[in-house]
Amino acid sequence: MATIRIPTPLRTYTSGEAEITVSGDTVGAALQDLTRQHGQLHQHLYSEKGELRAFVNVFLDGDDVRHLNGDDTPLQSDSRLRIVPSVAGGFSDRGSARRTLERRMC
Amino acid sequence: MSISLEGIHADDVELSNEEITRYSRHLIMPEVTLVGQTKLKAASVLCVGTGGLGSPVALYLAAAGVGRIGLVDHDMVEANNLQRQIIHGTSTIGTPKVESARDRMIDINPYIDVTVHNELFTSENALKLTEPYDIIIDGTDNFPTRYLVNDVCVLQGKPNVYGSIFRFEGQASVFWAQHGPCYRCLFPEPPPPGLVPSCAEGGVLGILPGTIGTIQATEAIKLIVGLGKPLIGRLLLYDALEMSIDEVQLRKNPDCVLCGAKPTVTKLIDYEQFCGMPLHDHDTEDGTAGEEWDITVTDLKSKFDAGEKIRLVDVREVFEWDIVHLPEAELIPMGDLPARLSELDSTHEYVLMCRTGVRSAQMLPLLTSAGITRVKNLKGGIRAWASEIDPEMPIY
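Chain order of the listed sequences is G and A.
My numbering applies: residue 9 is where the first sequence begins, and numbers increase by one.
My numbering applies: residue 9 is where the second sequence begins, and numbers increase by one.
Bound conformation, chain A alone:
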């Protein structure tokens, strides 16, 4: 059964001759026709995030002729985005992502309106940002923003087109409390910080967000035109390695704190507190364990230069070590560290390091709980070393 949006008023919308030519492959489909295309033109979609997921979403919605598209993101384009964030390009490195994305979208389709919001999506601005749009697309990368997107959609009665990725696997669904479950029905609470590995250290196959983002864009277009069977009440599970697509049934949770019979969450909350992690953490390119536990690359270099006896333990994987490593370091991958603690001597002074300082910071408690207390975390990891000490080193 198809479900379409009620708020789209396409009666007064007309297509120009140029637009009729542009959308002709839609117009000749009996499922779309002029009626569906004018609905697309009359519709509005807010894309939260213009990264891996947001890239294909924004590109395809622009190409399809969705009349008004909003983009929210406050990041700049970086070189390491381009492996998967295909809406951006080498020429837009260093520019705001929303502007880079908008320019590409308008180049594809000058007959649409793109509104950019170069800001964080927060509890303070979320209701105002989403209010003018029919559909919200969740192209975010962190739990606080995912719960925020969900909650604002439930409070405003809007569909939340969800997608999420990790390494080779992706999930997609449409959460729309008026017709089915919301994200909180499926996941009442986020995992505690650090319990589930993050994309930051786990990596992601560059093409994976292309697949999942394209599914999100498909669902948005189906909702607008009123086509087919939406992903409401179903969670699509995609495995790129096995090239399998599976789905599980989702049900509305009658006890859901947000969309259940007796909701206790009736307004936006502090999502950083709820999830125990920040909405947006730029520190992670410069991973830190906190001031008392960190040592900077400059200070470590000085200690080496002064001949101090410090054991530098690199907790990255062998394949990362092979990309680049410091000659002073010894490799003990973090997975091996518990079993190899006996190789460490509590009388020595240690510095743990990894790519960014995130994983090494996570390993500090293991050492301290084993009585190895003279231990520091190399803030920013080997990336910081390459940036500040040895510009000849590659940065990955």
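So here's chain G without its partners, still in its complex pose:
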């Protein structure tokens, strides 16, 4: 069974779990199993069109799966997948509540 490392910002949606064991012979199948186990992750990883979001990168044993065979990249039983999202954080207390609300209310 392959494992997927979940970054801190997304652990809210995996009940705090940092590493999830998944089934599947390919990267796509493993991610599908991940979002099956943790449904809330789906909207954070995939766009409305069902494509992996542009700010999310998935690495297989250190290599970006986009540079391998994407979803079709085969997995071994000891493969380690890692999700790396963009993180803006640096130093201060900022946010964008107003814009978030406008976006959701539209």
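If you are wondering where the hints come from, they were derived from the structure by calculation, not from laboratory data.
Treat the hints with care, as some may be off.
Unchecked claim - Facing chain A, according to a computed beta carbon distance under 8 Å, are these residues of chain G, among others: (1) 11; (2) 15; (3) 25; (4) 58; (5) 62; (6) 63; (7) 67; (8) 70; (9) 71; (10) 75; (11) 87; (12) 90; (13) 94; (14) 95; (15) 96.
Said to hold, decoys possible - Straight-line distance between alpha carbons at most 30 Å, and here's what the computed DSSO-like set of lysine-lysine pairs gives: (16) 260/A x 270/A; (17) 260/A x 237/A; (18) 260/A x 57/G; (19) 311/A x 136/A; (20) 270/A x 57/G; (21) 260/A x 136/A.
In this text, a Cβ means the ideal position worked out from N, Cα and C, and glycines have one as well.
With the hints as your guide, set chain A onto chain G.
Here is chain A on its own, set in the frame of chain G:
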């Protein structure tokens, strides 16, 4: 393979006797020597941001003897910065961060030149601000400025020494399009606002930017001296909880809109529009959902005093409630709110609150979509209440 900067001209640079004494622990290293130290003196670095990441960057670059260091920031030092922004101190609260940082740097090393830019880093001034520097350090805290730093570096052919943090995890890399990928190769687009939790509400371990900022400073010094293997084409992933450092390989994206074969972004753009969020948002210390959705702490107090029946729902976490809460409030942490909507009655009038008004504003649509439309957001949250209504309350 080491990569060094071409634009540093150290031939005419000399060290004084005082500087030789100061830098002696560098000079006796065969990898640095007098040659490397004069390169450091001849080099220039612009640090965008003098906060959590910028603090260790600026301190170590100053101590190392980087000859000319620029600082860009337009914030003032606040008490809640000092848990992690170690270049500032209690005595500089209320003063511009760039001035506070400069004074500390010059105290450490009076043989360097520190130029301060007490202004926002924007599309209008970015090219001019970065032009005189060899290396740009990204010590920013928001997506628009990160894309701006990246784009200006690519357009000017400069290395962008990147660091980013969230809670217990950090990332670091060197984006230098002439030798490897840029930030857009890794992240072509920013996340939509609100989709990924921000540091503002997620918090950050105070020492984390110390680790990541120190890695950034290390990379800058390696590039200047021409030492070792730079973090180009690699993303370092640091997890403080597990105390693990991992790395993934990054490749240049041939279709990158900025540094790819056929770039479509050839000049700086409107990054606020690109990211759907402001470069700098001071409102968040006073979180707002927009005028039609907000209620001020003064108005809420008046309503309570008049005996109006309002249910005040605090959406913070239990551990925040334990720090301080309003007696009129009831606690429903935001994570529990979807499952506990049935406890809310659409005939009642509600006010949602949190620490600053940011999280509670995010929860408003949940209520309105469930038919609970008589709902307001407490602008500024419990911080505003403490500031304006009850000065006895602690502010966190």
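So which hints don't hold here, by number, going up?
-> Hints 1, 3, 4, 11 and 19 are the ones this structure does not satisfy, whereas the remaining hints hold.
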